[in-house]
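Given next are the chains, with one letter for each unit.
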Amino acid sequence: MSGISFKDKRWIYIMIFAIIYISSLAPIAFPIPIVNWSKDFYRTIDEGVVVDFADPPREFEGVTEGTRVFILNSGETAKLWGDMSEGVKVVWKDLMSRGAHILLWSSSPDNEATLNKYLLPLMYGPEPQNHPDYGVKFVNLGYVAGGNQLLEQWKDDLIAITPNDAYGNNLADLPMMSNFNALKTDADLMIGFDARGLETIYVVRFNTPLLEMGGTDSASYLALSYTAGYFKGMLMGQRGGAEYELLSGIPGNSFSYLQNTLTISAVMILILVVANVRYVMKQSSVTEET
Amino acid sequence: MVSPIEPLMPYLNTFIFFGAYTVLYKNNPIYRITQSLVVGVGAGYLLIAQINAFNRGVVTQTFVDGNLNVSMLLPWIMGLAYLCIFVPKLISVYRAVSILTLTVGMGVVLPYGPALFWTVSKTYGQNALNFIRDGITAASMGNLFTAISYVLGLSYFFFTEYASKPTTTARSLGRIVLLIYTAMCITTTALGKINLVQWKVLDTLQGYPATWWIPALMFIVMLVDNFYPLKNLISRN
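Protein chains in written order, with the numbering used here: chain P, 1 to 290; chain V, 1 to 237.
Wrong hints could be hidden among the right ones.
Looking from chain P toward chain V, a few residues come up when the C-beta cut is under 7 angstroms (computed) [unchecked claim]:
1) PHE60
2) PRO109
3) GLU127
4) THR216
5) GLN238
Just so you know, the hints here were simulated from the structure itself, not pulled from any lab data.
As the structure is a prediction and not an experimental result, all values here were calculated from the model.
Backbone N, C-alpha and C fix where the C-beta goes; we use that ideal spot for every residue, glycine too.
Work out the full structure: start from the sequences and follow the hints.
Here it is, written out as structure tokens:
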């Protein structure tokens with residue numbers, strides 16, 4: 001039989017469970033300021049934006065009935081879903097309520113599986129291909145291999161390169177695809193899920209407005225592209241989802257997730273402060289002894 | 001078609017997620033089962049998904065309305081050439097198509113590097129001067145600070161090889177900028193990972209069916225094992 005002392009690393013295991021469960025059962029509410037990149041994200045969807053990297057500038061007037069939105073599920077969505085789930089859901093609901101035409105592409109099998117399991121059934125039922133909106137307001141390309149080279153080709157002719165959707169339907173037969181083919185001109189808005197590749201080039205060469213969603217830990221590097229002007233807005237982690245819920249007025253679960261995150265953060269800060277004070281006091285007592 | 005094991009999925013999902021974390025306690029059978037399941041099922045899924053993608057993208061497009069689509073012969077040839085990795089005598093064929101694929105890919109993507117660098121530098125430079133137009137605000141000062149940090153960070157990379165005096169200060173400051181940036185990345189990454197665990201905890205509490213008892217049970221088992229090793233129960237002695 002082995003005991004457990006305060007120096008035992010197994011305390012980490014116990015503390016992770018204790019803190020997360022406590023914060024989940026009894027979250028503390030903190031006021032949150034909405035960060036600029038979230039405001040810009042909502043503003044772009046609601047009011048639009050002007051993109052002027054190339055001549056002539058492109059004026060996007062926000063998402064309305066029939067706006068063609070290309071969603072790139074191309075980053076690490078599968079790994080980060082737990083942190084970006086509610087944000088994606090609330091934005092997707094907003095796009096649907098505004099009547100957007102949504103074209104979804106997944107760049108890897110695990111990203112496709114994540115949305116198939118956690119998002120599409122919520123929005124379109126267990127068989128999305130049988131939903132009344134399918135083919136009219138939503139088309140799922142599924143996983144299509146090719147990455148950046150594929151996007152480079154899709155800029156001129158998507159249907160020629162990828163004739164079928166994820167369910168084997170002929171894209172040319174789907175009403176929504178009648179004016180959604182050459183992405184460089186036909187995509188009114190692009191939304192990347194933790195994407196960081198060629199879609200940036202669409203902004204610079206074709207002035208396609210680009211928004212970005214990701215996990216909390218994506219923010220540090222994606223922010224570089226936001227401040228450089230490529231991304232016209234970002235929504236990061238459960239906090240981003242909560243901010244979008246506030247801005248759009250669409251109810252969701254993000255806020256409760258955020259409260260838990262804030263509780264965890266507060267507890268962690270408290271523990272760090274106590275541990276550091278203890279360390280400093282211990283150091284000074286050692287110094288006095290010598 | 002709904003999978004016959006669908007009713008078990010919420011339980012399996014929770015078991016796998018929290019089973020992975022039990023390695024924090026120690027290497028144990030639950031963790032090893034989880035590891036094998038994730039690696040095995042993951043590999044199988046990826047294999048099937050790639051075959052499905054090849055079927056949709058190539059096989060079904062080779063003959064359209066009974067006519068041969070000549071452009072689809074290329075992926076067939078490339079695919080067969082890739083399979084030469086399993087034939088030692090034909091390994092050069094595999095290498096040839098690998099190099100071809102790699103160089104074409106690089107040819108498409110590489111030119112965008114300098115283009116991105118130029119656009120980022122230009123935009124940061126322009127934004128740095130926003131304070132002249134907008135006055136001193138948090139946003140304009142932020143842009144100025146970002147541009148200065150960008151230049152200092154770059155100077156660390158570009159001039160590290162040249163230890164001449166004019167660049168010494170910029171390099172030192174660039175190092176500080178990069179250290180602060182690294183610290184920010186580590187902090188946000190840690191918070192992101194905590195968010196992932198917390199999301200799953202809430203899923204076990206609020207989802208249907210509630211599966212919170214699975215990690216709780218795992219925790220109790222680990223706790224009992226800590227004081228009374230459970231392997232004693234199955235000991236031959």
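We went through each hint and held it up to the structure:
| no. | hint | verdict |
| --- | --- | --- |
| 1 | PHE60 | violated, 18 angstroms |
| 2 | PRO109 | holds, 3 angstroms |
| 3 | GLU127 | violated, 9 angstroms |
| 4 | THR216 | holds, 4 angstroms |
| 5 | GLN238 | holds, 6 angstroms |
Going through the hint list in order, the structure does not satisfy hints 1, 3.
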